[in-house]
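> Chain by chain, the residues run as shown.
2 protein chains.
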Amino acid sequence: MSKLVIVGTVAFDAIETPFGKTDKILGGAATFIGLAASQFNVDAAAVSVVGGDFPQEYLDLMINKNINIDGIEVIKEGKTFFWSGKYHNDMNTRDTLATELNVLADFNPVVPNHYKNAEVVMLGNLHPMVQMSVLEQMDTKPKLAILDTMNFWMDCALEDLHAVIKKIDVITINDEEARQLTGEYSLVVAARKIHEMGPKYVVIKKGEHGALLFHKEDMFYAPALPVEEVFDPTGAGDTFAGGFAGYLAKTADYSFENMKNAVIYGSTLASFCVEKFGTERMQNLTTDEIDHRLEQFKKLTQFNIDVS
Amino acid sequence: MSKLVIVGTVAFDAIETPFGKTDKILGGAATFIGLAASQFNVDAAAVSVVGGDFPQEYLDLMINKNINIDGIEVIKEGKTFFWSGKYHNDMNTRDTLATELNVLADFNPVVPNHYKNAEVVMLGNLHPMVQMSVLEQMDTKPKLAILDTMNFWMDCALEDLHAVIKKIDVITINDEEARQLTGEYSLVVAARKIHEMGPKYVVIKKGEHGALLFHKEDMFYAPALPVEEVFDPTGAGDTFAGGFAGYLAKTADYSFENMKNAVIYGSTLASFCVEKFGTERMQNLTTDEIDHRLEQFKKLTQFNIDVS
Numbered sequence: 210m211s212k213l214v215i216v217g218t219v220a221f222d223a224i225e226t227p228f229g230k231t232d233k234i235l236g237g238a239a240t241f242i243g244l245a246a247s248q249f250n251v252d253a254a255a256v257s258v259v260g261g262d263f264p265q266e267y268l269d270l271m272i273n274k275n276i277n278i279d280g281i282e283v284i285k286e287g288k289t290f291f292w293s294g295k296y297h298n299d300m301n302t303r304d305t306l307a308t309e310l311n312v313l314a315d316f317n318p319v320v321p322n323h324y325k326n327a328e329v330v331m332l333g334n335l336h337p338m339v340q341m342s343v344l345e346q347m348d349t350k351p352k353l354a355i356l357d358t359m360n361f362w363m364d365c366a367l368e369d370l371h372a373v374i375k376k377i378d379v380i381t382i383n384d385e386e387a388r389q390l391t392g393e394y395s396l397v398v399a400a401r402k403i404h405e406m407g408p409k410y411v412v413i414k415k416g417e418h419g420a421l422l423f424h425k426e427d428m429f430y431a432p433a434l435p436v437e438e439v440f441d442p443t444g445a446g447d448t449f450a451g452g453f454a455g456y457l458a459k460t461a462d463y464s465f466e467n468m469k470n471a472v473i474y475g476s477t478l479a480s481f482c483v484e485k486f487g488t489e490r491m492q493n494l495t496t497d498e499i500d501h502r503l504e505q506f507k508k509l510t511q512f513n514i515d516v517s
Numbered sequence: 210m211s212k213l214v215i216v217g218t219v220a221f222d223a224i225e226t227p228f229g230k231t232d233k234i235l236g237g238a239a240t241f242i243g244l245a246a247s248q249f250n251v252d253a254a255a256v257s258v259v260g261g262d263f264p265q266e267y268l269d270l271m272i273n274k275n276i277n278i279d280g281i282e283v284i285k286e287g288k289t290f291f292w293s294g295k296y297h298n299d300m301n302t303r304d305t306l307a308t309e310l311n312v313l314a315d316f317n318p319v320v321p322n323h324y325k326n327a328e329v330v331m332l333g334n335l336h337p338m339v340q341m342s343v344l345e346q347m348d349t350k351p352k353l354a355i356l357d358t359m360n361f362w363m364d365c366a367l368e369d370l371h372a373v374i375k376k377i378d379v380i381t382i383n384d385e386e387a388r389q390l391t392g393e394y395s396l397v398v399a400a401r402k403i404h405e406m407g408p409k410y411v412v413i414k415k416g417e418h419g420a421l422l423f424h425k426e427d428m429f430y431a432p433a434l435p436v437e438e439v440f441d442p443t444g445a446g447d448t449f450a451g452g453f454a455g456y457l458a459k460t461a462d463y464s465f466e467n468m469k470n471a472v473i474y475g476s477t478l479a480s481f482c483v484e485k486f487g488t489e490r491m492q493n494l495t496t497d498e499i500d501h502r503l504e505q506f507k508k509l510t511q512f513n514i515d516v517s
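Note that the protein sequences, when read in sequence, are chains A and B.
Count along the first sequence from 1, then add 209; that gives the number in this note's numbering.
Count along the second sequence from 1, then add 209; that gives the number in this note's numbering.
Careful, some of the hints might be misleading.
The list makes no distinction among identical chains, and a pair is therefore deemed to hold if it is satisfied within one copy or across any two copies.
Simulated crosslink set (SDA-like; lysine to any residue; CA at most 25 angstroms straight-line) [to be verified]:
{"id": "1", "residue 1": "Lys507", "residue 2": "Tyr463"}
{"id": "2", "residue 1": "Lys459", "residue 2": "Phe512"}
{"id": "3", "residue 1": "Lys415", "residue 2": "Glu386"}
{"id": "4", "residue 1": "Lys230", "residue 2": "Tyr267"}
{"id": "5", "residue 1": "Lys415", "residue 2": "Glu484"}
{"id": "6", "residue 1": "Lys212", "residue 2": "Asp515"}
{"id": "7", "residue 1": "Lys507", "residue 2": "Ser464"}
These aren't lab readings, by the way, just hints derived from the structure by calculation.
Construct the entire structure; sequences and hints are all you get.
This is the structure we're talking about:
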């Protein structure tokens, strides 16, 4: 088993979907990544920042999930990052209603000493310079550095983004972002161009259409589990990344073959995340439920053709 | 091995894509379905109509592919159905430039006597009353009747469409059409509503995002092979249907498990179809090429997680 460092936001979210709305609830990339990775009982540490308004019960929740929070700075006089969004009826598009950076505006991530030798580093969506700072703090080069990002940084910090992309092993990015980053419509061509930017592995997330893993000429495809309804997509991408990183940290096997399994675990966990608001479903997930859904993924994708 | 009856258009297409344009070339649903099904050396008959302008070489091509053409009526004084379309840069949307029904306007399909006991009937996209007429001509109830349709018939012949949908075993339909037919956004819910209309099996085609097979509570997902470029999508859906129907006719096994393989074969053949204009790629496809691509599909989708 490997150690896992997770950097990302820990936040308040207020979410509105066609099914209802929430007040301020627990959210943030590092939160979703951490909860997903915790399913694998890895030795994980979250690096983030919150304000004095952040409830102790949320921190206790992470501790109970075996997530080390020494790297979560609490700025007593500050306020926690807040995001509010409203999903449209198709659940594939959303409007951001509010983004209050608060303590995130001056976030200087500090990796706890005990985790500076972590084999796996998961860089959640943040300013690329913050992601780079975490990489630079590592005493030993991680066996696997995974980066998630979004179009916002392509628009306003492209040079910094390219600098950190050059340093990492795996990028997780959605289809539209892959197209924006490369100027290529074909995801196969886009993945090749991203390879040339640095990452040996490229994961392109297609939301309800699943995820593609690319490595040189190899490809792997994991569907999203077709569901009757997506209740709240918030955190699904981070949950995918957390499941992916957590499984790889647990198995300490960074081969393409094992990364296929990691993609399946990521998709499996993401399929739970969307069933309830925010982190609710991820907080009470059991191993039996996960195993059952893995069986569903097998049934969904496995077939028996003997090619002569 | 089962006999296979295919009804659908045999046509001229003129196609424009970002990569080039064609004059009038061979097209039509029955053509693409037949060429795909012919890969399985099944005893297939095409039922269609063409005009006196239809070249003998195109009919010879079908005969050479072992497709019985006794059911293709030639109306000497008439003109062959003509369709012309232009694809946009993303290749997912197209404008129809011309639709000349010609001999198709008064098409009365006639199933050759020798094929009235066929076990598998593939009803390609046509007016639902034409599809119904073919079903009614069968002496014995087919073991498997498969129907393909499109939104056009939902707009202008919905009642007739419902009547024929009630009679068939498998429907192949694209995602937007499934949503239009049921008024449901979720494809899982849409598939259930279509089940209730009659078909025991529902195949929802999602273009570049693959295809879903539904049967009661079971689901199976086949991705489309990610490709560098789609040269011409014309006929991909019909090729999928032809591969699906051809494989089932060849194996004469209509179980859900075998239908999974049929979906994979359909996707495999469709992945070739889009590589060249019209039927060009399908005319010269070898068994080795198909086997090689099936291996690619396996690599793309198969994984090894042992659920404890």
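> Tell me, please, which holds for lysine 507 and tyrosine 463 at an alpha-carbon limit of 25 angstroms: within, between, both or neither?
both (22 angstroms within a copy, 21 angstroms between copies)
> Checking an output row: lysine 459 and phenylalanine 512, CA cutoff 25 angstroms. Within, between, both or neither?
Between copies only: 18 angstroms across chains, 28 angstroms inside a chain, cut-off 25 angstroms.
> My question is about lysine 230 and tyrosine 267: at a cut-off of 25 angstroms on alpha-carbon distance, are they close within one copy, between copies, both, or neither?
within (20 angstroms within a copy, 60 angstroms between copies)
> When Cα atoms must be at most 25 angstroms apart, do lysine 415 and glutamate 386 count as within-copy, between-copy, both, or neither?
For lysine 415 and glutamate 386, the Cα distance is within 25 angstroms both inside one copy (10 angstroms) and across copies (21 angstroms).
> At 25 angstroms max between alpha carbons, let me know whether lysine 212 reaches aspartate 515 within a copy, between copies, both or neither.
Answer is between; shortest inter-copy Cα gap is 23 angstroms, intra-copy 40 angstroms.
> My question is about lysine 507 and serine 464: at a cut-off of 25 angstroms on alpha-carbon distance, are they close within one copy, between copies, both, or neither?
The answer is both: 21 angstroms in one copy and 18 angstroms across copies each meet 25 angstroms.
> Is it within a copy, between copies, both, or neither that the alpha carbon of lysine 415 lies no farther than 25 angstroms from that of glutamate 484?
both (18 angstroms within a copy, 23 angstroms between copies)
Violated hints are absent here; each numbered hint is respected by the structure.
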